[in-house]
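Here's the letter readout for the chains.
There are 2 protein chains.
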Amino acid sequence: MERNIVIAVDAMGGDNAPYEIVKGAAEAVKLYPVKVLLVGQEAIVKKELSAYTYDEDSIEVVNADEVISTEEVPTEAVRKKRNSSMMVGLGLVKEKKAMAFISAGSTGALFVGGTITVGRIKGIERPALGTCLPTLNGYTLLLDSGANADCKPQYLVQFAKMGSVYAETVLGMKNPTVGLANIGVEKEKGNMLVKEVYELLENAEGINFIGNAEMVDIPFGVSNVVVCDGFVGNTILKTLEGQSKALLKRIKSEITKGPYKIAAAALKTPFDNIKKSYDSDQIGGAPYIGFKALVMKVHGSCKAPAIVNCIKQSIDFIENGTVEKIEKLIQE
Amino acid sequence: MERNIVIAVDAMGGDNAPYEIVKGAAEAVKLYPVKVLLVGQEAIVKKELSAYTYDEDSIEVVNADEVISTEEVPTEAVRKKRNSSMMVGLGLVKEKKAMAFISAGSTGALFVGGTITVGRIKGIERPALGTCLPTLNGYTLLLDSGANADCKPQYLVQFAKMGSVYAETVLGMKNPTVGLANIGVEKEKGNMLVKEVYELLENAEGINFIGNAEMVDIPFGVSNVVVCDGFVGNTILKTLEGQSKALLKRIKSEITKGPYKIAAAALKTPFDNIKKSYDSDQIGGAPYIGFKALVMKVHGSCKAPAIVNCIKQSIDFIENGTVEKIEKLIQE
Numbered sequence: 003m004e005r006n007i008v009i010a011v012d013a014m015g016g017d018n019a020p021y022e023i024v025k026g027a028a029e030a031v032k033l034y035p036v037k038v039l040l041v042g043q044e045a046i047v048k049k050e051l052s053a054y055t056y057d058e059d060s061i062e063v064v065n066a067d068e069v070i071s072t073e074e075v076p077t078e079a080v081r082k083k084r085n086s087s088m089m090v091g092l093g094l095v096k097e098k099k100a101m102a103f104i105s106a107g108s109t110g111a112l113f114v115g116g117t118i119t120v121g122r123i124k125g126i127e128r129p130a131l132g133t134c135l136p137t138l139n140g141y142t143l144l145l146d147s148g149a150n151a152d153c154k155p156q157y158l159v160q161f162a163k164m165g166s167v168y169a170e171t172v173l174g175m176k177n178p179t180v181g182l183a184n185i186g187v188e189k190e191k192g193n194m195l196v197k198e199v200y201e202l203l204e205n206a207e208g209i210n211f212i213g214n215a216e217m218v219d220i221p222f223g224v225s226n227v228v229v230c231d232g233f234v235g236n237t238i239l240k241t242l243e244g245q246s247k248a249l250l251k252r253i254k255s256e257i258t259k260g261p262y263k264i265a266a267a268a269l270k271t272p273f274d275n276i277k278k279s280y281d282s283d284q285i286g287g288a289p290y291i292g293f294k295a296l297v298m299k300v301h302g303s304c305k306a307p308a309i310v311n312c313i314k315q316s317i318d319f320i321e322n323g324t325v326e327k328i329e330k331l332i333q334e
Numbered sequence: 003m004e005r006n007i008v009i010a011v012d013a014m015g016g017d018n019a020p021y022e023i024v025k026g027a028a029e030a031v032k033l034y035p036v037k038v039l040l041v042g043q044e045a046i047v048k049k050e051l052s053a054y055t056y057d058e059d060s061i062e063v064v065n066a067d068e069v070i071s072t073e074e075v076p077t078e079a080v081r082k083k084r085n086s087s088m089m090v091g092l093g094l095v096k097e098k099k100a101m102a103f104i105s106a107g108s109t110g111a112l113f114v115g116g117t118i119t120v121g122r123i124k125g126i127e128r129p130a131l132g133t134c135l136p137t138l139n140g141y142t143l144l145l146d147s148g149a150n151a152d153c154k155p156q157y158l159v160q161f162a163k164m165g166s167v168y169a170e171t172v173l174g175m176k177n178p179t180v181g182l183a184n185i186g187v188e189k190e191k192g193n194m195l196v197k198e199v200y201e202l203l204e205n206a207e208g209i210n211f212i213g214n215a216e217m218v219d220i221p222f223g224v225s226n227v228v229v230c231d232g233f234v235g236n237t238i239l240k241t242l243e244g245q246s247k248a249l250l251k252r253i254k255s256e257i258t259k260g261p262y263k264i265a266a267a268a269l270k271t272p273f274d275n276i277k278k279s280y281d282s283d284q285i286g287g288a289p290y291i292g293f294k295a296l297v298m299k300v301h302g303s304c305k306a307p308a309i310v311n312c313i314k315q316s317i318d319f320i321e322n323g324t325v326e327k328i329e330k331l332i333q334e
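Here the protein sequences come in this chain order: W and G.
Numbering-wise, our numbering puts 211 at position 209 of the first sequence, and it's gapless, one number per residue.
Numbering-wise, our numbering puts 322 at position 320 of the second sequence, and it's gapless, one number per residue.
All clues stand as given, with none of them false.
The calculated lysine to any residue pairs, modelled on SDA-like cross-linking and capped at a C-alpha distance of 20 Å, are:
1. G:Lys254 / W:Asn139
2. G:Lys270 / W:Phe273
3. G:Lys270 / W:Pro261
4. W:Lys251 / G:Phe273
5. W:Lys263 / G:Asp274
6. W:Lys263 / G:Tyr262
7. W:Lys98 / W:Ile7
8. G:Lys154 / G:Asn205
9. W:Lys259 / G:Ile253
10. W:Lys247 / G:Phe273
11. G:Lys191 / W:Glu73
12. G:Lys176 / G:Gly323
13. W:Lys49 / W:Val63
14. W:Lys270 / G:Pro261
15. W:Lys251 / G:Leu249
Partial pick of chain G residues on the chain W-facing surface, computed with a CB cut under 8 Å:
16. Gly148
17. Leu242
18. Leu249
19. Ile257
Everything labelled a hint here was simulated from the structure, so no lab data went into it.
For every residue, glycine included, the Cβ atom is placed at its ideal position computed from N, Cα and C.
The task is simple: from the sequences and hints, build the whole structure.
The structure is reproduced here in structure tokens:
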């Protein structure tokens with residue numbers, strides 16, 4: 003198997019590192035023609051790796067002594083811990099020794115580190131965090147889902163373009179529809195920001211803008227891509243997550259009471275299927291879109307399947323020339 | 003029964019008007035010592051009323067020939083339809099012939115109409131729409147849930163004060179906790195607006211501020227009151243609603259398949275209980291807080307129980323001197 007695609011993975015990031023990360027990498031190299039650079043404390047990572055069999059040329063361990071924790075202030079952590087698994091991994095991308103970087107570590111540090119190390123695509127003002135939301139008819143790519151809490155109108159236009167390219171090249175959506183997250187469907191609805199953005203999106207080239215995406219319709223899959231500022235995007239993301247958890251908890255407590263216990267037990271399989279469809283490990287990671295190479299954030303509590311999925315998405319991102327297509331569309 | 007409290011109700015607003023509105027009013031006057039002024043097309047309303055028996059002095063019909071529809075632009079509708087049920091009803095409050103006004107009609111027209119007719123409490127910059135969200139441990143009052151899409155920091159401080167008073171006087175919460183809706187729990191998280199608001203709330207008198215309320219925790223009941231701008235509030239509200247509907251739809255489709263049908267049928271009662279706990283009719287209405295009298299918006303699809311609950315809440319609002327308490331707290 004020729005392994006021309008090289009992806010760096012932060013072996014130390016996340017609650018289940020390095021065990022689940024290393025396990026995911028070892029699985030991925032069996033499935034895909036990819037070489038993985040596992041970045042982290044060499045002795046620990048090598049010990050984890052020894053549990054698996056894999057092509058010798060498919061995994062390489064790159065040493066990094068430090069680890070950035072999620073409690074650290076991103077700007078400080080990135081500056082002080084140059085020898086952390088995250089900064090070393092991003093450095094491999096900068097030096098073109100890797101084509102993408104995947105980490106389940108600090109979201110903020112990854113964004114700051116990506117900005118100063120990998121750098122933005124020419125013309126991109128702000129990279130955005132994209133999240134694949136499970137909906138009733140598939141997935142919706144929501145961006146920005148948390149990287150930029152304050153946005154200017156033109157940022158959102160760029161998010162729409164970047165999101166369209168990503169949805170097409172990585173998620174396999176043809177001519178993806180783009181909706182503007184808003185509190186009403188009519189053009190004149192919303193705050194000052196979205197009113198301005200609406201006008202700009204109507205006149206933007208190369209995207210399939212379908213108007214406002216009402217929040218209530220997002221879980222039903224109102225459009226392939228939904229754009230918004232990072233504060234609103236994170237609000238949508240976390241509200242969805244919170245309500246799913248709360249509602250499933252309430253359902254569990256109601257249906258496992260006294261007389262209903264037996265019927266509830268009989269429904270274990272469908273409930274497990276539902277939970278699985280909302281499981282972020284199945285989705286993979288959340289890409290920072292707008293850097294010169296893919297920087298992918300994985301949920302802190304991720305397990306091996308998430309890493310496998312992230313590696314698959316990274317391969318699609320690289321093979322389909324996503325960065326070049328974004329650069330071209332932004333300059334139109 | 004002495005009926006010193008007089009409440010005006012828009013008999014023509016909402017999808018189920020006048021039938022459900024009139025029914026609710028007829029039920030409420032049996033339960034509470036209140037007089038209801040039913041505002042709408044006299045002949046139609048009187049015909050509906052003829053189906054019920056009630057104290058003669060408990061319901062009066064006030065004629066209003068026009069109806070404002072939800073499709074109309076609020077500012078125009080309010081200006082042109084002075085003789086609509088909504089504007090006549092708000093006029094009764096202005097003339098002190100009624101102490102509160104309840105309508106299931108256009109949300110926007112009710113806000114504009116309330117502003118120009120009833121007017122704001124002295125010192126209040128923007129009245130807010132409050133919504134009672136069902137949570138795992140009761141209710142949370144979310145405001146602003148949609149009236150003001152663009153907010154200045156001081157508006158949110160006023161929302162916190164108004165929300166605290168409302169939660170205590172109408173919802174019966176003692177020394178209610180107030181959280182600031184944010185995308186992280188730490189003080190430094192969020193956009194420019196919420197960072198400024200955080201500082202102001204820390205130093206605000208007369209409220210029990212507990213810091214940031216993370217969106218993911220809102221459905222679990224993180225605080226009694228949650229404050230935010232109207233765009234974010236409406237985003238939270240509609241995302242919660244959309245996710246509940248989507249998740250329940252997915253569950254229904256999974257558990258009513260082939261072998262699971264019988265077990266699912268056995269769980270009808272607990273599922274009905276869950277749906278009921280999220281039913282807006284049980285909650286009543288969403289108050290516009292900050293006007294010189296209570297102006298209450300009811301869901302457009304509301305039925306009689308919602309009207310009964312709104313009338314009950316209006317009585318509590320009036321009897322507990324909510325407006326006077328807000329005015330006092332704002333001036334502190």
